[in-house]
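A.B. asks: Residue strings, one per chain:
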Amino acid sequence: MPGMFIDVEVDAKVAADAELTKKLVEVCTVSIFAAKDDGTLDIVEDNLDECVLCDLCIQAAPKGTVRVKKLYE
Amino acid sequence: MSILITAQTTFIVQGITGREAVNLTRENLDYGAKIIGGVTPGRAGRDVYGVPVYDCVRDIVKAHGQPEGAIVSVPPRFTKDAVFEAIENGIKTIVIVTENIPRGQVAQMVELANLRGARIIGPNCLGIISPDEAKMGGVGGPAANTRQAYTKGPIGVMSRSGGMTTEIASTLTAAGLGQSTCVSIGGDAIIGTSYAELMPFFEADDETKAIAIYSEPGGRMEAELAEWVKENNSRLPIVAFMAGRFMDEMKGMRFGHAGTIVEGKEDTTAEKIERMEAAGIAVAERIEEIPGLIRSALSSKGIEV
Amino acid sequence: MRFYEYESKALFAKHGLPLGTRQVVNSAAEARAAAEAIGGPTVIKGQVLSGGRMKAGAVKFADTPDEAAAEFEAVLPVIVNGESARSILIEEKSPIAHEYFVSVTWDGRRKLPVVLFSDMGGIDIEEVAETHPEHLSRTHFSTILPLSERVAKEAIGAVGVTGSDLNKLVPIVYKLIQLFLEYDLTLAEINPLAKLDDGRFIVLDGHLDMEAEARGDHKALLAELGIGDDETRQARPPTEFEIAGARVNAVDHRGVAGNVVEFDGNLGLIIGAGGGSLTLFDAVRKQGGKPANYCEIGGNPSMSKVKNLTKLILSKPGVDKIAVMMNVVSNTRVDIVARGVIKGCIEAGKDPAEVIAIFRIPGAWEDEGFKILAKHGVEYCDRSVSMYEAAGRACAKMGSN
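Chains as they are written, first to last, in this note's numbering: chain A, 1 to 73; chain B, 1001 to 1305; chain C, 2001 to 2401.
Simulated from the structure, these hints should not be mistaken for lab results. Computed from a prediction, not measured in an experiment: that's the story for all the values here. Treat the hints with care, since some could be wrong.
[Claimed, not checked] Derived pair list, reagent style EDC-like, types lysine to aspartate or glutamate, alpha-carbon separation capped at 16 Å:
#1 C:2286 - B:1047
#2 A:70 - C:2229
#3 A:69 - C:2154
[Stated by the list, open to error] Just so you have them, the derived chain B footprint on chain C, three or more residues with Cβ under 8 Å:
#4 2061-2071
#5 2138-2144
#6 2202-2215
Each residue gets a CB set at the ideal place from its N, CA and C atoms; glycine is no exception.
Given these sequences and hints, build the entire structure.
C.D. replies: Encoded structure:
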């Protein structure tokens, strides 16, 4: 479920990649990303509206594979 | 001209991988800052918006030469160590952003800085900005917002409140009065550099024609400024905005910054206003009165801005 | 954060400062028993945080256990500056030859700790400073160079005390200095420090203040003294609402959304930052507004912190609307605060467009913030509306202008 203001979409290929998941978890300063037990990506819905639009996740993954959506636009 | 920093000033960010530090690193870089390195122990090898991260200040000095300044943005428990590290590695201008540091530790930092000829701005501050030259700290926020609020000009600004530094600059800018340098000096009971200690810098800066300050209850800093102005026959008219007037009726309660608690009669806004006015400092009740008061003080000296 | 006299004395005793025999009592019977055990004249003192208790009648003297019990009853109900006694301290009353004053505090101008010492103790020290400045010494000392007893000796000697009195006073003053530093105190005062007829020195009354920021570093001591986390030890005890506000701030370390102080008005305030809050609170009061609370947001609080503060303020009985106002912000973000207050309103079951009287936070990320506010129909303004004017608009909506 998206947040009230922000939604984050990640391509399935990136979400399944343990290396990229690790990177996403590390760069996000508001803990929107977490790793599941098998190392794949989990999006923490409670934290979506904490997003500070820093773009670090967008830069950490291949171009276009992570998308941050402003739901108020 | 500017005081404390110039466009050429090189500095580092201690605690650079933290949430606030990441923000202010980007904001300072966007404003043209020369940030040559950052420190977070255990994170050497990373980079933050292209700024290389090291485990300690010494490694930055080794790799990139001597930085002139440091922004310290680490949790309160680690701040003293970070500041000591900056001082002992030859850094001369240190902006401490962190708040909630017990004053005993601040006193230690200031004492060491004095021994080594370094200057501390803060703690609990947003740093320094000389519009269109440089900024060092979170003052003004993102570069675009900073340019909107701060413009180059003849007014020096000093403020115990980081936020009110920008409010005052923004009001001055809207009235066509730019700023030479604005310093958010910090809201704690003991800070590295007070109004009176900054006055000689502004006094020596030809570009600065007048000073605006934000003041509040607590402490003796306004009294110290009033004394300085009287003793040094300052050429600079000063306009002070006084906030927290309601606190005079609420002795011993804590509002605002750690430094605001009213402990004695001398700490009240009424007493401060009296002392400042006696020293020729005009006191504003609303922020929007500041530009007019500055203009009339300057025009009585034959200076039009 | 102020300590009661009995707590200060417990700390003094722990560190070997000389004290009279004493006991905290909570009933007349206990007072009588304590006086019997002391076995002589006693002094009965109400335990309050504010000064001026002698004048208010919260300090009495007794020669016998029966008198001590009677004076307990007399002191217990005395209100000092609106504060009733937490408990009663009963202490032996010894014949006094002379009274001294010693205090360690911070000098914000010199940025150093300072020992104030006077051989004219027991009276208002500001009066001594004015009328007999040669009887009050001020001795600054370093916080980074090794500390030694000479600081105490110089402080005492500076007012002309010499002989065996000097040598007996030095360790007492030195211990007070050590306590001051060890526990991050902002004030450590003994007044009076008494010389008894038999030549001994004892602490008659003491006053300690710990820096609020340092509480976390001294949890063991505070637990030992029985001081709870919720005891703010300000001029009055915190209300439930204020305690809830402190919790909102404490559960999340990101930024500040706290220092909530309760007032009885109808306009909830979400204001910041430190200086901006003072400015805005003045502006609301000046224009006839009735604040329901004071608070400070700043330092870039998380969305959820702002949300929880909003919910708390809206839950306060009598709050009709909230005003969300700050100075032009630099590190706090307009969009994050906008998200927090709107989500807070909605989770509290209110319409943000209806309940937010005004949103005046210009600055960092304002374009994003204003989009969010516009989408939810909230009235907002930019920096062209001054803080004073924004507060005035909120007051006007409350019909109190």
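A.B. asks: Three residues minimum, CB to CB under 8 Å: does the segment 2061-2071 of chain C make the cut for coverage by chain B? Let me know.
C.D. replies: violated (count 0)
A.B. asks: Could you grab the alpha-carbon distance between residue 2286 (chain C) and residue 1047 (chain B) and see if it respects the 16 Å cut-off?
C.D. replies: violated, 50 Å
A.B. asks: With a cut-off of 8 Å between beta carbons, are at least three residues of the segment 2138-2144 of chain C near chain B?
C.D. replies: holds (count 3)
A.B. asks: Given the hint that residue 70 (chain A) pairs with residue 2229 (chain C), test it: the Cα-Cα distance must not exceed 16 Å.
C.D. replies: violated, 40 Å
A.B. asks: Please verify the coverage claim for the segment 2202-2215 of chain C: does it have three or more residues whose C-beta sits within 8 Å of some C-beta in chain B?
C.D. replies: holds (count 4)
A.B. asks: For the pair we were handed, residue 69 (chain A) and residue 2154 (chain C), check the Cα-Cα distance against 16 Å.
C.D. replies: Violated, because 68 Å separates the two Cα atoms, which is more than 16 Å.
Checked against the numbered hints listed earlier, the structure breaks hints 1, 2, 3, 4; every other hint is satisfied.
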